[in-house]
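Novice: One letter stands for each residue in the lines below.
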Amino acid sequence: DGGITQSPKYLFRKEGQNVTLSCEQNLNHDAMYWYRQDPGQGLRLIYYSQIVNDFQKGDIAEGYSVSREKKESFPLTVTSAQKNPTAFYLCASSSSTGASPLHFGNGTRLTVT
Amino acid sequence: AQSVTQLGSHVSVSEGALVLLRCNYSSSVPPYLFWYVQYPNQGLQLLLKYTSAATLVKGINGFEAEFKKSETSFHLTKPSAHMSDAAEYFCAVSSQNEKLTFGTGTRLTIIP
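Protein chains in written order, with this note's numbering: chain A, 1 to 113; chain B, 1 to 112.
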């Protein structure tokens, strides 16, 4: 089955530690996205990538970093500079056109204490 | 610039009653419009999309939405609510040159 796999589903870290969230897709999609979801705020775009070895900042990129070395993979690193990292993180992919819907993974819930 | 407004962060309906979730959009160019559903601790799943074909769009699970350009609306409806419809619903807009913008979501509760 084609889809997007995010791992792990739950992640716990101490404040001050960097943490990397995994996202892999086998849909052969060019574009991949990372969103952050907080209660009552909908989804906010962190980073996106439309082709391999290229990515752009979204609306809330501060304190996050990404890489896109392979078409299938788009890992997100939450750095210690992110002031409020506890959230639900969603990865998505799509064909590159605006009419194409996003396909989402099942998310990673990150808790930082 | 584009935006989406979902009226009502929480909506409750009785089982068997009509479901109506409201979405208004703002876009300076012809929009693409989407409705997604999210069950607890899961990702979003596409319900339906409008991409400039028929204005009445049918989706999965008995949902449909009508694009009304004059009202800049794309409300989601289902004639008869089922307990399994309890979830959070997101409206979203994009265009040929814009990324997807999501509304803040509407949590639907079904009363037995």
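Take these hints with a grain of salt, some might be off.
Stated by the list, open to error - Some chain A residues flagged as far from chain B (calculated, every beta-carbon gap over 12 Å): (1) D59; (2) G63; (3) R68; (4) T79; (5) S94.
To be verified - Listing some non-contacts, in silico: residues in chain A with all C-beta distances to chain B over 10 Å: (6) Q6; (7) S7; (8) T20; (9) L27; (10) Q41; (11) I51; (12) E62; (13) S65; (14) P75; (15) S80; (16) A99; (17) L102; (18) H103; (19) N106; (20) R109; (21) T111.
Stated by the list, open to error - Cross-link-like lysine-lysine pairs, in silico, DSS-like; alpha carbons within 30 Å at most: (22) K69(B) <-> K9(A); (23) K83(A) <-> K49(B); (24) K99(B) <-> K9(A); (25) K58(B) <-> K57(A); (26) K68(B) <-> K9(A); (27) K58(B) <-> K70(A).
Since the hints were made in silico from the structure, they are not lab data.
Where a beta carbon is used, it is the ideal one built from N, C-alpha and C, also for glycine.
Novice: Just double-check Q6(A) for me: nearest Cβ-Cβ distance to chain B has to come out over 10 Å.
Specialist: 8 Å, violated
Novice: Compute the least Cβ-Cβ separation between L27(A) and chain B, then decide whether it is above 10 Å.
Specialist: L27(A) is indeed farther than 10 Å from all Cβ atoms of chain B, at 13 Å.
Novice: Check the hint pairing K99(B) with K9(A) against an upper bound of 30 Å on the C-alpha distance.
Specialist: It holds: about 26 Å lies between the C-alpha atoms, which stays within 30 Å.
Novice: Taking C-beta pairs only, is G63(A) more than 12 Å away from all of chain B?
Specialist: Correct as stated: the minimum Cβ-Cβ distance to chain B is 20 Å, above 12 Å.
Novice: With d taken as the least Cβ-Cβ distance between S94(A) and chain B, does d exceed 12 Å?
Specialist: Label violated. Min Cβ-Cβ 8 Å, cutoff 12 Å.
Novice: Confirm or reject: T79(A) is not an interface residue toward chain B, with every Cβ-Cβ distance exceeding 12 Å.
Specialist: 23 Å, holds
Novice: For the pair we were handed, K58(B) and K70(A), check the Cα-Cα distance against 30 Å.
Specialist: 36 Å, violated
Novice: Please check whether the beta-carbon of P75(A) is more than 10 Å away from every beta-carbon in chain B.
Specialist: 17 Å, holds
Novice: Taking only the CA atoms, is the gap from K58(B) to K57(A) under or equal to 30 Å?
Specialist: 34 Å, violated
Novice: Quick check for students: does the CB of S65(A) sit more than 10 Å from each CB in chain B?
Specialist: 19 Å, holds
Novice: For N106(A), is the shortest CB-to-CB distance to chain B above 10 Å, so the non-interface label stands?
Specialist: 5 Å, violated
Novice: Would you check whether the claim that D59(A) is not at the interface survives, using Cβ distances to chain B and the 12 Å cut-off?
Specialist: 10 Å, violated
In this structure, the hints that do not hold are numbers 1, 5, 6, 10, 16, 17, 18, 19, 20, 22, 23, 25, 26, 27, in rising order.
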